[in-house]
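Chain by chain, the residues run as shown.
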Amino acid sequence: MMRSSALSLALGYVALGIIALILFAAPLWYAWQVTIAESRQENLQMDAQRLSDVYRRDGADGLKSYMDTRVGMQIVGERILLLTDAAGRPLAGNLAAWPPKLPLAPGNYDTEIDLAGRGNQSALVHVASIGSYHLLVGRDNLLFKPLQTRFWYGLSAAIAVLSIAGVLIGLITRQALLSRVDSIRRTVSAIIHGDLQHRLPTQVNDDELNTLSRTINGMLDQIELLVHGVRNVSNSIAHDLRTPLAELRSRLEELSLIRPSPEETYAEIDGAVADVDRVIRIFDALLRLAEIDAGMRRSGFVSLDASDLAASAVEFYEPAAELKDIELRYSAAGPVLVSGDPVLLAQALGNLIDNALKYAPKKGLIQVAVRRLEDGSAEVSVCDNGPGISDAEKGKVVQRFYRGDASRGTPGVGLGLSLVQAVAKLHGSSLELQDEAPGLRVVLVIPADANAGIATRVVPSAEPTPVKIAPATLAPSP
Amino acid sequence: MKILLVEDNERVSQFVIKGLQEAGHTTDHASNGRDGMFLAASEPYDVIIMDRMLPGDIDGLAIVEVLRKTGKRTPILILSALSEVDDRIRGLRSGGDDYLAKPFAFGELLARLDALHRRAHGVDKERPLTVGDLHMDPLTRKVTRGDRHISLQPREFKLLEYLMRHAGQVVTRTMLLENVWDYHFDPQTNVVDVHISKLRQKIDAEFERPLLRTVRNAGYSVTADD
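The listed protein sequences derive, respectively, from chains A and B.
Numbering-wise (the working numbering), the first sequence opens with residue 9 and increments by one.
Numbering-wise (the working numbering), the second sequence opens with residue 77 and increments by one.
Be aware that one or more of the hints could be misleading.
As the list claims (entries may be wrong) - Think about it this way: if two alpha-carbon atoms lie no more than 25 Å apart in a straight line, the pair counts; the simulated DSS-like pairs of lysine-lysine are:
| hint | chain 1 | residue 1 | chain 2 | residue 2 |
| --- | --- | --- | --- | --- |
| 1 | B | K178 | A | K332 |
| 2 | B | K218 | B | K145 |
| 3 | A | K366 | A | K332 |
| 4 | B | K218 | B | K148 |
| 5 | B | K94 | B | K78 |
| 6 | B | K278 | B | K218 |
| 7 | A | K371 | A | K433 |
| 8 | B | K218 | B | K178 |
| 9 | A | K371 | B | K218 |
| 10 | B | K94 | B | K145 |
| 11 | B | K201 | B | K178 |
| 12 | B | K178 | B | K274 |
| 13 | A | K153 | A | K109 |
| 14 | B | K218 | A | K366 |
| 15 | B | K201 | B | K94 |
| 16 | B | K94 | A | K332 |
| 17 | B | K274 | A | K370 |
| 18 | B | K78 | B | K234 |
| 19 | B | K148 | A | K371 |
| 20 | A | K332 | B | K145 |
| 21 | A | K332 | A | K370 |
Don't read these hints as lab results, they were simulated from the structure.
This one's a predicted model, so the numbers in the text were calculated from it and none came from an experiment.
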């Protein structure tokens, strides 16, 4: 039988029960034995006393006849009487001879006596000297045997019941546990073999195994999400790195085949280097995404001012906006202390403004606003009056490498918004894409700095909330 | 400059050594941590280029730490295939002076080496800067070209200050992003170029000789030389 914690636990309890039972029975047994032996000895002594009284009153012959009468009356075996002379020869009583092992000295003895040919019986005897005679008064222990036997039987039965019940309960518990543990084991081994969709069975109640199962299921959800992310990334890499690599390859191959003039060759080489740089950039972006997804950067969280962060991002992109004849407006209502990763938040904000710059029309308007929400967290929004994103596309734009219809012909690798979303997720919030009719409003919520003393709010859980699609109050933008 | 390169990759080493030679520097090369440690400790170098991951039992960061503990102040640029921000911080914390992720453009490496070398020779943060007829006083924050006063936004001032502190050297876009804006990511679009052209408008537009020049495939340079 395999080792089972349930069974050994049950056996342990059985052993404990038996010990308790013995601890209870042993003193009882001892007390019983002592009390009974004492009272019986007292009785025997009284008997002997009575007989010596008879001797004193009626002489030896009187005692003999008295004893004979007594022996005739009593039930065989109940009482043992023997009177012998000084040499130990029987004179009266129901014993044929002085028991061989018994000394002739007065005292109390527990010895074996052959009574009326019934074989040796254990008996309690009192030996007294009356004149020159020896008197033996005894009672066999036969009377107590059944009681003792019953006591021992009772104790053994109790131990047996305890043991059997213990083992049975142990086995049943083991079976019940085993079947549940086994279902967990089967699920887990299915997962080990690559099927991440399995989940542990759970019941409504809150016992330990259910709680554990639910926790494990939560862990599996997270693992599945991460694995899915990794799979997505590798798919994306396979898919999207192929394009620039193919371009690079054909460029180099053409160069090797055609062997153009040095000037053209150098131009082509520069182009090839630019291609490689593009590949590297995609790689860097992907690695950073993977790093954020893995939650590794949570250690980089510091207390920072969201307004300050947004202001410097706006300042950074200002000249680029000017160049495109786009107005970049910034508004903030004072500092909002948040807890976050400054590098990633700056990058996320940069991506949002960069995106807006890409899609805002000439003479367009981009508004970056920071405001403090009631719970102390910062709401950073970037709003443009470009073409916006149709509801159908909203879920897709945060996908890695997805490029919307409107983005054809604009530079970028299609990782911008997915990075912003990953950063939002790392900060325990979500990225909201709202219709601005026309245009797009992207809202990023950064949780308050819990140490700043402003916020009392619990940081929202890191559950993946891909995109909250705001109800389209107006027709989707073109 | 006398430069020590500790790098195990043969190709990268050849590429770097050749490039440095062409730029007029002498380079010693160690292809493992033991040799690198020995050379770095025994020879005087102007700059050390240290790969993070080296074969054998001594890793690049460990060498940097040992050198710093023994009081060597030689500027060290750490090269690494690990580009995550945390990794960069770890590299700098161990005593490195700059950090460059692989793969890198040679121009970027050269520019950073120049900057490191210059920094090691002490910068007086208060000393006025002069390039040709362009003057900057970091204390009064006054910038003049010839006899004309140039008014700059704070960030433009910082940008010009960085460029002027590295006058005559090439400064890459990444270096500007890191040092002027403290941005450690690639903003994808050419925002730095736009800032530069705005700055150029202010300091060069109305003058015959341009001081702020674009170095093709590398970055920018402020110089009065031709």
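Now the hints, each set against the structure:
no.: 1; hint: B:K178 / A:K332; result: 34 Å, violated
no.: 2; hint: B:K218 / B:K145; result: 41 Å, violated
no.: 3; hint: A:K366 / A:K332; result: 9 Å, holds
no.: 4; hint: B:K218 / B:K148; result: 37 Å, violated
no.: 5; hint: B:K94 / B:K78; result: 14 Å, holds
no.: 6; hint: B:K278 / B:K218; result: 14 Å, holds
no.: 7; hint: A:K371 / A:K433; result: 33 Å, violated
no.: 8; hint: B:K218 / B:K178; result: 39 Å, violated
no.: 9; hint: A:K371 / B:K218; result: 34 Å, violated
no.: 10; hint: B:K94 / B:K145; result: 32 Å, violated
no.: 11; hint: B:K201 / B:K178; result: 32 Å, violated
no.: 12; hint: B:K178 / B:K274; result: 31 Å, violated
no.: 13; hint: A:K153 / A:K109; result: 22 Å, holds
no.: 14; hint: B:K218 / A:K366; result: 36 Å, violated
no.: 15; hint: B:K201 / B:K94; result: 34 Å, violated
no.: 16; hint: B:K94 / A:K332; result: 42 Å, violated
no.: 17; hint: B:K274 / A:K370; result: 19 Å, holds
no.: 18; hint: B:K78 / B:K234; result: 30 Å, violated
no.: 19; hint: B:K148 / A:K371; result: 56 Å, violated
no.: 20; hint: A:K332 / B:K145; result: 52 Å, violated
no.: 21; hint: A:K332 / A:K370; result: 6 Å, holds
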